[in-house]
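Peer 1: Given the sequences, and given the hints that come with them, work out the whole structure.
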Amino acid sequence: MWKKLHSLTPLSTNLLHRGSASVPYPSATTADPFSSEITSKRSSLSQFSSLLLSPPQFQIEGNYSYSFHSPPSSRVFQTPRLHSGLHGLNSGFFCSIASSPAANSKCWNCNAVASSAVPFLVCHGCRSVQPPDPSIDYFQILGVEKKYDVKVENLEGKYKDWQKKLHPDLVHTKSKKERDFAAEQSARVTDAYRTLSDTLSRAVYLLKLEGLEVDEEGRISDPELLAEIMEIREAVEEAAETQALNHIQAQIWKKLEHWSKSFADAFQSRKYEEAISSIQRMTYYKRANEEIIKKL
Amino acid sequence: MLRNVANRLVGTFSRPAGAPATGAVLQLQRLYHERVVDHYDNPRNVGAFDKTDPTVGTGLVGAPACGDVMKLQIKVDEETGKITDACFKTFGCGSAIASSSVATEWVKGKQMEEVLTIKNTEIAKHLSLPPVKLHCSMLAEDAIKAAVKDYEAKRAKENGSAEAPLEKAADA
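These protein sequences, in sequence, are chains A and B.
The UniProt record's numbering applies: residue 1 is where the first sequence begins, and numbers increase by one.
The UniProt record's numbering applies: residue 1 is where the second sequence begins, and numbers increase by one.
Source of the hints: derived by calculation from the structure; they are not laboratory data.
Idealized CB from N, CA, C, for every residue including glycine.
One or more of the hints may lead you astray.
[To be verified] Some chain B residues flagged as far from chain A (calculated, every beta-carbon gap over 12 Å): (1) His33; (2) Val37; (3) Asp53; (4) Val56; (5) Asp68; (6) Gly81; (7) Ile118; (8) Ser128; (9) Ala162.
[Said to hold, decoys possible] Restraint-style ranges between C-beta atoms, simulated for each label pair: (10) B:Glu114 - A:Glu217: 24 to 30 Å; (11) A:Glu238 - B:Arg44: 16 to 22 Å; (12) B:Ser128 - A:Ala187: 28 to 34 Å.
[Claimed, not checked] Derived pair list, reagent style EDC-like, types lysine to aspartate or glutamate, alpha-carbon separation capped at 16 Å: (13) B:Lys75 - B:Glu113; (14) B:Lys89 - A:Glu210; (15) B:Lys89 - A:Asp180.
Peer 2: Structure follows, in structure tokens:
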């Protein structure tokens, strides 16, 4: 039984991460060997249903024995993906591969079907905390439209609403499994709130959803940009009084606003090269701003 | 500030359960290596040369992911092609500062062709840089190459205009 799940999980996690260039999962070609397994599995549907109703078997113990294809660095994320893989197993897998797992998810506790209106973090029927589903993006969690122009005031309310239901401090009476779910979900909601509240991280996240991740090792030699940044950083370093620093800061804020708008336009028109270079500039200005804040 | 920086580095060492045995060694070396700290506390060759000086090559590189910017300058003896002096100015983490500092130390007294063979892996090894900071040494290698390239470009421009009328030579 374990072996079947072992081989099936990569397929379901592929479902959840299509379009994400950064995820080091096996390529689509490895999915083919599963298709013959799939047809034979369909006959034993009841087996899987019973598995899903008693998830404790494959949740906590021996999770790390499932680190099949992923490199050690992503082992931290094995647990949530395994859980969400099971959701995909139940819904997206047998119904139609293309459908969103979140919409057809069922509660592990009471089997209630998730409604597509609200992200399935907590069951509306029995109030059980669900395992985190990576296919639900931060915009869905906080109930805002997936775009760059977000009203930060709208985020806080939803964030607090979720924490009232998910925060680990509020689930003392529940099972260990559910408390673990709550810890992960709560952390994810906090990540969502932090990422979407800040303009730069929101921009980076939007590109990530399009499959474009920041290259941590990338280097540039654009003389004009670098000379400008060098000048700004030197000015900050040499600034003697608060007034001088405030003056530089005001200039930086103007530039941040300009490039923020530039990103919005570029992203809107799907000009991803421009979007990336806008983000790069914003990152430089933000660093400079942080240095000013340290000095003030 | 170094404490902040050191704390930040400590934060980057995530400790997943079931990590291989080498993780245990990493856990002990959670701070910057003493050589990095040394370069940070006792900066050597920090400064700037005159960009317009024909014997000076300026390399300006950046790592946009972390907002780092690194400037490395070399002073070259025109006759021998030997690098007589070098200086740097880096805005970034301790590893980036140390990498560029080491780079300026290593290029001094060497031929330009020779410094082009300096590899980022040598710098990283010298400073015992962790994997997450390897790009800092790459940046330093890039800076060396950019400085040499800049000097050669300046030289070529100068040589080119030496054959042209005198007014153009005055502009170079």
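Peer 1: If a hint holds in the structure, say so; if it does not, say that too.
Peer 2: Hints, verified against the model:
Distance check on His33 (chain B): its Cβ is at least 20 Å (rounded) from any Cβ of chain A, clearing the 12 Å threshold; non-interface status holds. Chain A leaves Val37 (chain B) outside its interface by the beta-carbon criterion, the shortest separation being 20 Å against a cut-off of 12 Å. At roughly 17 Å from the closest C-beta of chain A, the C-beta of Asp53 (chain B) stays outside 12 Å, upholding its exclusion from the interface. Its beta-carbon lying about 15 Å from the closest one in chain A, Val56 (chain B) satisfies the requirement of being farther than 12 Å from that chain.
For Asp68 (chain B), the requirement that its beta carbon stay farther than 12 Å from each beta carbon of chain A is not met, with the minimum near 8 Å. For Gly81 (chain B), the condition that its CB be more than 12 Å from all CB atoms of chain A holds, with the nearest at approximately 23 Å. Distance check on Ile118 (chain B): its Cβ is at least 16 Å (rounded) from any Cβ of chain A, clearing the 12 Å threshold; non-interface status holds. With a cut of 12 Å on Cβ distances, Ser128 (chain B) stays outside the contact zone with chain A, its closest approach being about 19 Å.
Look at Ala162 (chain B): its CB is around 25 Å from the nearest CB on chain A, clear of 12 Å, so calling it non-interface holds up. Taking the beta carbon of each, Glu114 (chain B) and Glu217 (chain A) are about 26 Å apart, inside 24 to 30 Å as hinted. In this structure the supplied range 16 to 22 Å holds for Glu238 (chain A) paired with Arg44 (chain B), their Cβ-Cβ distance being about 21 Å. The hinted window of 28 to 34 Å between Ser128 (chain B) and Ala187 (chain A) holds, with their beta carbons roughly 32 Å apart.
With a C-alpha separation of about 14 Å, the suggested pair Lys75 (chain B) and Glu113 (chain B) falls inside the 16 Å cut-off, and the hint holds. Straight-line distance between C-alpha atoms of Lys89 (chain B) and Glu210 (chain A) comes to about 36 Å, which puts the hinted pair past the 16 Å bound. For a cut-off of 16 Å, the pair hint linking Lys89 (chain B) to Asp180 (chain A) is broken: about 48 Å separates their Cα positions.
The structure is inconsistent with the numbered hints 5, 14, 15, although it conforms to all the rest.
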